[in-house]
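A.B. asks: The primary structure of each chain is shown beneath.
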Amino acid sequence: MTIQRLFLLASMVFLVFPAGCAKKADNAKTLSVVMGLAEEEWKVMRENIFPEFEKQYQCRVRHFQVEAGDFSKKLEAMVRAGNVTVDVFSQDNMRLAVLVNKDLVEDLSAYESVVPAEVLPAMREVGRFNGKLFFMPYRPNVQIAYYNEKRLEEAGLEPPQTWDELLHVARVLKEKKGMGKVGFQAWGDGPTTAQLYEFIVSAGGDPLLLNDTGCGKAFAFLKTLYPYLSPDSKKAKWDTTNTYLANESFYLAQNWPFGVRIVMRDYGKKEIKTYRGWRGPVREAHVIGGEVFGIPKGAQDKTLALAFIRYFQSKEVQEKLAARLGWPSIRDDAYGNMADWLKPHYRSVKEALEHGVYRPNVPYWDEFDKLLNEAFLRIVVQQGDVGEILNAYHEEMEGIKREYSR
Amino acid sequence: MKRPLTSVAFAFTLLALAVYTLFPVYLMVKIATGDPSDIMRERPGLLLHSFTLEHFRNVLSSGYLVAPFEKSLSVAVLTALGALLLSVPAAYAISRFPKNVQYGFLLLIFVTRMFPEVGIALPVSVAFIRWNLLDTVPGLVLAHLIRVLPVTCWILLNTFETIPKDLEEAARVDGAGKLAALRHIVLPLALQGIAVAAIFSFLMSWDEFTYALYLCLSEPTLPLKVYYYMNRGNIFETATYSLIVALPVVVVTYALQKYLRSGYLAGAVKG
Amino acid sequence: MNIRDRACLYLSVAPLIAYILVFTFVPVLCGVWLGFAGKFSGAFPSWENYRYIVSHFQFRSALLNTLIITGVGLFLELVAGFFLAFLLTKKFKLKGFVRALVLLPLGIPTIVSAATMRSVFDTQGYLNEFLYRAQLIRVAVDWGDGGMKTLFAVVVSDMWKVTPLVMLILLAGLESIPGELYEAARVDGASALGTLRHITIPLLKPFIVMALVVRGIDAFRLFELPLALAGRGSPVLSTYAYFEYMDYNNPNTAAAAASILFAIILLCVVLVVKTTTRKVLGGK
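Residue numbers (the numbering used here), protein chains in the order written: chain A, 1 to 406; chain B, 1 to 271; chain C, 1 to 284.
Each hint should be verified, as a subset may be incorrect.
Claimed, not checked - Okay, derived cross-link-like pairs now, BS3-like style, lysine-lysine, Cα gap no bigger than 30 Å in a straight line:
1) LYS55(A) to LYS223(A)
2) LYS237(A) to LYS149(C)
3) LYS177(A) to LYS102(A)
4) LYS39(C) to LYS149(C)
5) LYS223(A) to LYS39(C)
6) LYS320(A) to LYS43(A)
7) LYS302(A) to LYS237(A)
8) LYS297(A) to LYS90(C)
9) LYS39(C) to LYS102(A)
10) LYS29(A) to LYS43(A)
11) LYS149(C) to LYS176(A)
12) LYS43(A) to LYS270(A)
13) LYS102(A) to LYS150(A)
14) LYS297(A) to LYS273(A)
15) LYS350(A) to LYS29(A)
16) LYS302(A) to LYS315(A)
17) LYS343(A) to LYS302(A)
18) LYS43(A) to LYS401(A)
19) LYS176(A) to LYS29(A)
20) LYS39(C) to LYS132(A)
21) LYS302(A) to LYS150(A)
22) LYS315(A) to LYS297(A)
23) LYS43(A) to LYS237(A)
24) LYS55(A) to LYS320(A)
25) LYS177(A) to LYS39(C)
26) LYS43(A) to LYS273(A)
27) LYS39(C) to LYS174(A)
28) LYS150(A) to LYS55(A)
29) LYS320(A) to LYS237(A)
30) LYS401(A) to LYS274(C)
31) LYS99(B) to LYS149(C)
32) LYS223(A) to LYS43(A)
33) LYS99(B) to LYS205(C)
Derived by calculation from the structure, the hints in this document are not laboratory data.
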């Protein structure tokens with residue numbers, strides 16, 4: 001029977017298939033590293049950071065790109081199956097709670113002494129949950145303001161230092177150009193939350209309450225500002241902001257420092273400069289983001305993983321990362337051999353960091369993130385009523401907090 | 001086409017069609033080979049103003065081509081094989097059933113096409129987390145089959161239906177066994193349809209994005225890597241990578257376009 | 001057919017059916033179950049998730065966007081597909097070339113076309129550049145405004161890729177209409193429009209229904225294009241479900257949204273098939 005023969009063939013293929021897919025064994029020690037980086041950043045890792053470590057420790061670094069949002073799922077799958085193939089991972093500091101809650105990471109409290117003394121104290125605390133240290137810092141991050149010097153000068157404008165000046169710049173540019181030229185990362189999710197958080201704190205508010213005076217002030221200001229912003233703001237997040245700055249859709253916008261290399265080097269926009277940004281009516285605040293390292297529960301080679309973390313925290317690597325990528329350093333002593341063109345940008349970053357604020361690690365962050373974004377869409381984009389909408393979201397947020405505390 | 005006015009209008013229509021179809025492809029080439037200072041402007045211009053291979057060098061040296069290519073290729077090949085193994089015997093059998101049974105099977109296969117992929121991908125990814133099938137080739141093949149099987153069944157059913165039962169029976173009357181009848185009469189006649197089904201399932205798997213996005217986290221396929229470049233790279237590398245991913249498929253589709261005959265879709269209307 | 005043959009036939013269908021049951025129907029049922037399981041209370045069945053998403057305006061706009069994109073997209077694709085198919089039934093010099101040209105987008109992976117369309121519909125993009133050159137606009141058009149223009153961008157991008165498929169289906173239909181019918185109509189002195197209305201369209205009907213159903217299902221499920229072109233500003237149901245799960249770690253509401261999408265597809269397909277078959281039968 002042909003049909004029977006087909007079945008035979010089928011079973012043969014399904015027998016061969018796992019054998020064919022099995023990975024070849026490798027004799028050299030390998031360290032599997034997961035990070036979520038832009039291509040520019042990977043390039044520096046591949047060419048300037050990893051090879052040195054491989055030489056020092058006689059091993060091979062296998063690296064994988066996983067987006068911050070996907071990693072908890074990946075890790076959960078591996079830990080549940082008892083097949084942890086990742087030795088060390090880097091994760092966004094706002095995505096840590098879920099890993100601790102699901103018990104997916106090693107407790108690193110015993111190795112706290114590994115963290116060098118030069119590391120800024122605030123950075124250490126990001127990785128601490130319930131008194132235990134689960135994550136180790138290696139990269140703080142803060143948004144700086146990028147501006148197109150040439151275009152602003154043409155319009156007779158200076159980079160704004162306050163909210164009023166920001167509004168003025170946005171207005172004048174819109175009048176002169178027929179469309180808004182100031183960018184805001186309004187795409188939604190993390191990028192928008194980071195910007196909103198900064199505006200609210202600089203107005204003296206507590207973002208997690210959603211409806212205190214500061215929140216009201218910040219939302220009211222953004223509602224006024226929004227019509228004068230570039231229409232591309234709605235598509236702007238960290239990646240697209242670089243493109244919009246480069247193709248002159250934005251003359252002024254905040255973004256993370258990794259854009260410096262892309263905008264000024266890859267896209268060749270020398271006329272774009274940076275500064276630390278503007279202050280709000282109550283204070284100057286810049287949200288601190290960043291990444292920390294963690295070790296998955298059941299990882300194969302913890303010693304090598306710890307060595308890798310220590311390597312990243314070393315002065316030498318921190319300096320390289322600052323020099324090549326403009327990444328701020330976790331150490332207060334890493335400045336050496338920076339390329340001249342990067343120096344002014346690095347100064348902007350350092351100044352912004354001085355006004356840094358940390359966001360709290362709360363279990364209901366995802367829900368908060370979502371409500372804040374919805375409030376933004378309804379008040380700022382659709383020009384809704386500030387007080388009424390914020391009160392409604394405050395109530396909803398309180399309800400969610402109660403659900404979590406049960 | 002005799003009146004000059006009509007033929008001018010006709011020529012103009014063809015030209016507009018050509019521009020509409022080719023422009024996005026042209027644009028990819030323009031960006032992939034364009035100098036940043038030329039592309040990054042408020043008014044980018046429509047013609048090619050510069051030429052550089054820098055972006056190709058960057059993409060080729062990134063080491064992001066081989067592994068995703070291997071993954072996409074092995075998934076697509078295994079999906080095509082799996083689809084044939086499951087649907088060739090099934091489609092043959094269904095075509096030989098009485099009409100009312102056939103209708104039931106058809107309905108079942110058709111309904112599977114209606115489920116939204118995001119709806120299936122979610123529970124599948126939750127289950128795959130448990131079974132440790134995330135990021136694996138077999139896992140993605142299993143998911144791609146969900147999408148591919150209804151289509152291959154459709155094509156193969158049409159193929160087998162066009163082969164008259166009488167032919168098969170005549171062969172058996174002549175003394176050939178059922179096996180021989182299948183091998184010497186049915187299979188040769190169905191071969192083209194089977195090839196089309198294989199090509200279609202390969203292309204569908206190659207192009208697939210939704211399941212891959214849910215199921216591949218650290219070992220991406222080519223479409224996922226394009227998405228990565230869109231989100232994390234610069235626009236030049238995105239265009240370059242896209243071009244590299246698209247080219248082989250365009251060539252394959254072009255070479256096989258005679259199989260994209262409307263006749264294969266025609267029979268489906270009867271169902 | 002003897003019993004042994006019949007058993008063989010059933011045995012050959014069995015693996016396929018088993019596969020479809022395990023990997024399609026079970027996940028779908030799981031999805032529906034997830035949608036009815038309360039996130040906090042764990043209660044089952046509960047309308048918690050449905051109440052939640054319906055009360056959030058992003059879901060409502062996702063629903064509306066899905067319906068608009070599908071409706072407008074299908075209409076335009078059918079018109080364009082018919083036009084192209086009609087063109088290809090004619091004999092002209094460059095026919096082979098035109099056919100190859102029309103089929104080209106079928107070979108481009110969807111995500112690649114999405115990447116390219118992003119440059120086309122950018123505010124500083126190439127469609128605007130074209131409009132500037134044609135002196136149609138003075139200030140850039142904001143194709144990403146989150147309203148109709150964004151939906152239009154998604155529809156056009158989708159059309160670019162799938163019109164060839166619609167064209168192939170309709171071409172099969174046009175080729176199946178015997179030439180003598182047109183000949184007879186011409187002898188009777190029927191106008192071009194009359195021929196179209198009384199001969200082409202009625203005979204093409206099953207093909208139109210098929211194109212409508214096959215493409216309609218896909219249009220409801222569009223994912224990559226809205227994800228890349230419209231983002232969160234104008235979600236559709238499938239991207240809404242994706243954001244709920246991937247960005248907000250909420251499989252329950254994601255499953256509820258996907259279930260609603262499925263219900264809509266089912267309803268539309270049943271509606272289209274019911275109304276058209278009755279009309280066809282009634283006409284006979």
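A.B. asks: Hints first: check each against the structure and report whether it holds.
C.D. replies: Each hint tested on the structure:
| no. | hint | verdict |
| --- | --- | --- |
| 1 | LYS55(A) to LYS223(A) | violated (54 Å) |
| 2 | LYS237(A) to LYS149(C) | holds (20 Å) |
| 3 | LYS177(A) to LYS102(A) | violated (52 Å) |
| 4 | LYS39(C) to LYS149(C) | violated (36 Å) |
| 5 | LYS223(A) to LYS39(C) | violated (33 Å) |
| 6 | LYS320(A) to LYS43(A) | holds (13 Å) |
| 7 | LYS302(A) to LYS237(A) | violated (35 Å) |
| 8 | LYS297(A) to LYS90(C) | violated (68 Å) |
| 9 | LYS39(C) to LYS102(A) | holds (16 Å) |
| 10 | LYS29(A) to LYS43(A) | holds (23 Å) |
| 11 | LYS149(C) to LYS176(A) | holds (25 Å) |
| 12 | LYS43(A) to LYS270(A) | holds (22 Å) |
| 13 | LYS102(A) to LYS150(A) | violated (51 Å) |
| 14 | LYS297(A) to LYS273(A) | violated (44 Å) |
| 15 | LYS350(A) to LYS29(A) | violated (38 Å) |
| 16 | LYS302(A) to LYS315(A) | holds (22 Å) |
| 17 | LYS343(A) to LYS302(A) | violated (37 Å) |
| 18 | LYS43(A) to LYS401(A) | violated (42 Å) |
| 19 | LYS176(A) to LYS29(A) | violated (61 Å) |
| 20 | LYS39(C) to LYS132(A) | holds (28 Å) |
| 21 | LYS302(A) to LYS150(A) | violated (51 Å) |
| 22 | LYS315(A) to LYS297(A) | holds (28 Å) |
| 23 | LYS43(A) to LYS237(A) | holds (21 Å) |
| 24 | LYS55(A) to LYS320(A) | holds (17 Å) |
| 25 | LYS177(A) to LYS39(C) | violated (49 Å) |
| 26 | LYS43(A) to LYS273(A) | holds (24 Å) |
| 27 | LYS39(C) to LYS174(A) | violated (46 Å) |
| 28 | LYS150(A) to LYS55(A) | violated (46 Å) |
| 29 | LYS320(A) to LYS237(A) | holds (26 Å) |
| 30 | LYS401(A) to LYS274(C) | violated (49 Å) |
| 31 | LYS99(B) to LYS149(C) | violated (48 Å) |
| 32 | LYS223(A) to LYS43(A) | violated (40 Å) |
| 33 | LYS99(B) to LYS205(C) | holds (23 Å) |
Against the hints set out earlier in the document, violations occur for numbers 1, 3, 4, 5, 7, 8, 13, 14, 15, 17, 18, 19, 21, 25, 27, 28, 30, 31, 32.
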